[in-house]
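Each chain sits in its own coordinate frame; assemble them with the hints.
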Amino acid sequence: MTSPAPGGSATGPAGVLDGEVAAALLAVEPRQRLLTASALIGAGALDAAAETLGAVAERVDDADPVVRGELCEQLLRLAGELTGRGRPAAAEDALRLGARVLPGRAIAALAHHLQGRGEVTEALALWAEAVRIGPGEVRHHLQRGRILEAQLRLPEAYACYLGALEVLPGAGQALRLAPALERVAGRLPEPAAGRSVSIAVLGSATLDQLRACLVVQCHRAGLRPRLHLAGFDQYAQEILDPGSGLYGCAPDMVVLAVHRSRFFPRLCDSPHQLSLEARRTEIERGVATVRGLVAAFRERSGALLLLHNMVVPQNPALGIADARDQLGEGAMVVEINRRLAELVRTEFRDVHLLDEDGVQARCGKASATDPRLWLVAGMPWSDAMAMALAAEHVRHLRAHRGLSRKCLVLDLDDTLWGGVAGEDGAARVELGGSARGSAHLQFQRELRRLRARGVLLAICSKNNPEDAVAVFETRREMLLRLDDFAAARINWRPKPENVVAIAAELDIGLDSMVFWDDSPAERAQMRAALPAVLTPEVPGDPALLRQALVELTVFDSLALTEEDRDRTRLYREQADRRRREDDIRGSGRLEDHLAELRTVVEIAPSGGGSLARVSQLTRKTSQFNLTGLRLSEAEIEVLQRAGRRVYAMRVADRFGDSGLVGVGIAGPGPAGAGTWEIDVLLLSCRVIGRGVESALLHRMARDAREAGAARLAGRYLPTDRNRPARDCYRDHGFREAAEASGDAGARWELDLETSPVPVPAWLEVRNLVDPEVV
Amino acid sequence: MRSDAALVAQVRTVIAESLDLDEDQLPDEPSQDTVAGWSSLAHLVLVLNLEERFGVSFSMDEMVALTSARRILEVLSRRA
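Chains as they are written, first to last, in our numbering: chain A, 4 to 777; chain B, 286 to 365.
For reference, chain B alone in the conformation it holds in the complex (with noise of 0.2 Å):
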């Protein structure tokens, strides 16, 4: 299974790719409020981008949660 670092580093990689931001210029916690680039048009990008690269399908909730890597992780981590 892929290390803690290893999944960080994915997940920073989609949350700035969906962004359109450089992965340097991401805060070291990114999420909603401490990027500011991450519109709620931006987060369904961002939502639909995670979806396709980890191979899921997010609930509902799960949607509406997903407001910073680290709840990112713990949700993807809960699908591993």
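Excised from the complex, chain A in its bound form (with noise of 0.2 Å):
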């Protein structure tokens, strides 16, 4: 290169100024040789402009990202016109070349390219490049996905599209990867039991977004979703017509979504217009409508129903005077959704009231609509807000199936305190006080929030016990004491085999426990060797945790009952019977210890008077279970009106009450009074082994006696967990009617004239009669 560099050559020692030129030259050299190319693709002349380039890329490795930059950018625009003019080798020379100067930009256009040409393996690699350099990129990882599918690897493409998921969660994404995921879904095995689920989703506006989002939701929870979707506002003749495509789905699941305009039209426009009367009176008009079609949908299916609450508006037409209205357009909107909380709390079985409102503040309000889809496409709320919506969904369904988590695993150095006590000592570590100290306590409340609900704490902590149980004897500030925590692990081993421990000793599964640790290393070893266990991220700074916990929405119980309250005692009682059953079967006397035990046994007809207790019981118990059938309360109001006699057995001992644990539900079956029909046997975990089942089975013999039955029968539907109930039926005397085939499971049945029931000696067995029955 000899051309001088323009204005750069009469000023100061001729020495000092030739280098400056030259690097000058230098700098400016590839900048001018590019534009060079340019002219000349835009000339025709792509071979030369390829040499041009070419050389401009051998000299790349001292380029600044300028250059690189314009580089690439030229060789994919010669690419573009070297396609166009039918010469794809050497288009995927330009490409090749690109990808090495700048592959984030140039990676994706060079496997497009080789993919077209049938390269289908080096483009399934480079995609799986690109998708590591550009994870944000959705297309990248629906390509790759796409090939995977027609390749037939359906499982990794299934992963593929879930990976997606995780990288992009937030928003805009699930239109185009619902469908993806719905493909494949629907290509491969069966789920397991329990994890497919109808849904249908009802509403005021087009809701093929939503649709599109508890898709997604559901994949990323583990569910595989099928999606019943009613049109633009038709959602009061689904649920009137008794033919309609919602009924037609037998859905679990149905979402009501209908903006306040449709219920409360009066109100919407300008209601401080109105008496204070005339809004009263709009607010009852509206509250009824509701009634009557939720009663509706009530008489024809016994679904999980989620009502969508009203969105108390941020802008309301007196502004800040709204306030000083007695029942301005805000104060409207609260008291509506009291009226219809208390609606569905105390008129309707599985009804739930989802807090629309919530949602959208928490997502904020300003951004949780996106007028340009409103107007274009009739759908109400912008992209995030419909995924943090059909999340609040998927908690719901998850409660509903039994599939929440149970079990928070808590390490303890720089998560309940701050510091380490092995080496700061107990009483140094941080606790209240400080800015730190406080950020620990206010996480140790959150826990004890969490505990207060029925969600078992644990400790899983690497520490010396006397150490760590010195925090806990001596530190006054700590709110969180030993005996909040239903199991504990302090020691050196491996958190996964002490978290495996931990399982064992609560008799629950891994998919039920959550680890949280504050070292990347120990969660990364977790994730690896237990993926069972969900291992949330934990923030670094402790003034997050708190809200990371809060925010981990994988506890949830529908409604809490008696027995969640006291949930940890109940753990902790059961880990000590099972101890000492362990000591005495050792000496081979556990009749002795049985009798010890001093358990009583309370069985009452009509649920107990709990059937939200029962009704999760049915969906909880997958052990000593006989049938699996998972029962909503509505569903099981049924069963009691078709005649079925809902047995509700609660069980105590010397160690303490494990409250309503086991359940029977039979009737006079199809064939006539003359068999009744066991429909759910099952027991909770707690009290497995005991002889209870049979104080269950001895009472439904003898009311099926007194009701003039010859006969009891029921079904053993083996499932992967159901082994402890496989031989309840022949160990008391039932004998096998028919063989299992196909979905049935084997038929067992016990003729009433020949063969009581016996209650085991040990038992005091208290069967309470109800007086409607009788």
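Note that these hints are calculated values from the structure, not bench results. Glycine included, each C-beta is placed from N, C-alpha and C at the ideal position.
Far from chain B, by Cβ distances over 12 Å, these chain A residues were calculated:
# : residue
1 : L191
2 : G225
3 : D244
4 : S247
5 : G428
6 : A504
7 : L513
8 : E709
Derived list of chain B stretches under chain A, where covered just means 3 residues or more per stretch with a C-beta under 8 Å from a C-beta of chain A:
#  : region
9  : 292–304
10 : 324–332
11 : 341–349
Okay, here's the thing in structure tokens:
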């Protein structure tokens, strides 16, 4: 290169100048060549352009980012022109060069090109690389997944799409990813029991966006959804017509998302022009409309119904004066929501008010709607809001299915307190006082709230036990005491091993557990060793601990039962019992042990006054559960109306009261009153192995005989977890009447004339009667 | 700046991806009238894809108007 740089000759000593000029020339030269190449492409001299660009690329390692970027652009442009002229091989060369210069920019184009030319294997590798470089580009995931699908590598394709969801949790991607997920899931083997779900969505808007978000959120939660979508504003017709698609899809969950302008039209325009009386009348009228719809739905379906509440407007017409109004726009909607909550709580079973107002507030009301989407497509929510709403729906669904997590396993150092007990000493770990100490106390307060609603807390800490215990015993600031924890492992063993031991001690599945640890290395080890355990990211800043815990919405239950409040004590007592049982088993005196427990069993018909708990047990009990039938409260009521008795069994012993832990549902079967059929027979795992099921069967046999039946019959439907219940009928004198066929399971019958069911001598049984039944 | 040919190719790619088609299934002048899969829902997917790919945010009128490759190119070149 010999041409002098413009204006670079007249000042200063020649030697210095020459050096500067040379440096300037080196910087300018590639840019000039790029300009030349661009002109050559424009003029159609593609080979010359390729040569020029190649020369720039040779020295690209020294080039600045601007040159790199421009070089890559020109190569992509050249490739486009070459492809347009039917020269794919030359285009491929340009793209390969581009991918070397700036992979993030050109690798996708190269992958596309190769895919188009049938070079599938290399394209697949390139898409994987593109995903690695730019995980935020949804099309990279989609392209890779599509090739995997074409190669029939379906589980990998499914994992690819799910992976895209994890790096693109925001939104906007659901409409693109949902079809891919549904396509692949439809070709995968059937999901495990309890994992497939039928959902219907009704509302006063175009709901495709919500549908896509629900598909995506269900798959993230390990569920396989089928969706039924009602048309714009078709909610009333679908509910009122018994032949509608709503009932045709046999839904497990129904979403009713109706804008307040439909139920409360007069309150939406200029409500302050109405008299106070007229506003109250409007609220009554609207609530009555909702009641009518929900009642009509409940008559036809026992599905879980999520009724959206109304959104409090951000900008009432009266502005800041709205709060002065006795029943202003804001206050009116608050009142409507209060009334709706009362309605679903007191008049209906399995209907829940979905707090759309709360979800919008969390999302930020200003960004919860996208006026363009509403005006163009009738979609009422922004993408982010639709995703957040679907997540809220899925929370209900998981709780309804008994898929919520039960136990939170916690680290101690830098989690419950600031600092390390073994190094700083119990007296010096931070608790309250400093900002850091206060953050950890705040975290403990939130843990205590979780515990109070039935979540089990456990400790898994690498520490000398005495160091850790000293903090609990000597630091008065501690909000959590050792007996707030259902189990603890404080030792130096690998944490996955300890978590498995805790799960065994509490007798819960690993898929019920959450592992919380401030160490990224421990988290990584847990994720690798025990993927079934949920291991969330934990913020490094203690200030954010509480928030992260609150936002971990995996412990939901639909309602708080009496047993939930006391759960830690129940599990601790159970662990005590089991330890004692193990001792006695070792010495071969099990019956002595059972007698020593002084077990009292109380059996009440009609659900024992707690259909919520009965329903919860049918959904959560997996081990001693003969049929695995999951029933909502509404469905149990339907069975009761059809003549079935719902036996609820409570068990207590000298270690404590276990509460309602057994359920039997039985009654005259389809063959007539001569045979009573057992639909449900289950025991909570807390009372397995103590013979209490005999008391339940004894009661059902007695009632069946009194009602004139000659036989009691039931089925055992094997699942992957209910082996403990396999021999229940055989052990109680039932005969196998029909072998298992298809999904039906083996049928067992007991002749009530000849084979009474004895009650074990070590049980004290109290049979309660229901005045309505007698 | 991108030449027309490169931009046209990119727009065709986005259309094909959004409508779940292969690029060679698209006619020379793809539009809502000539492509069967271009439903109103697919249109929204397309709009969202275009916004992401070209780093732009369309106005409501533009959203409605992007009914063919030609129109998309017009709107995009106005933004360039």
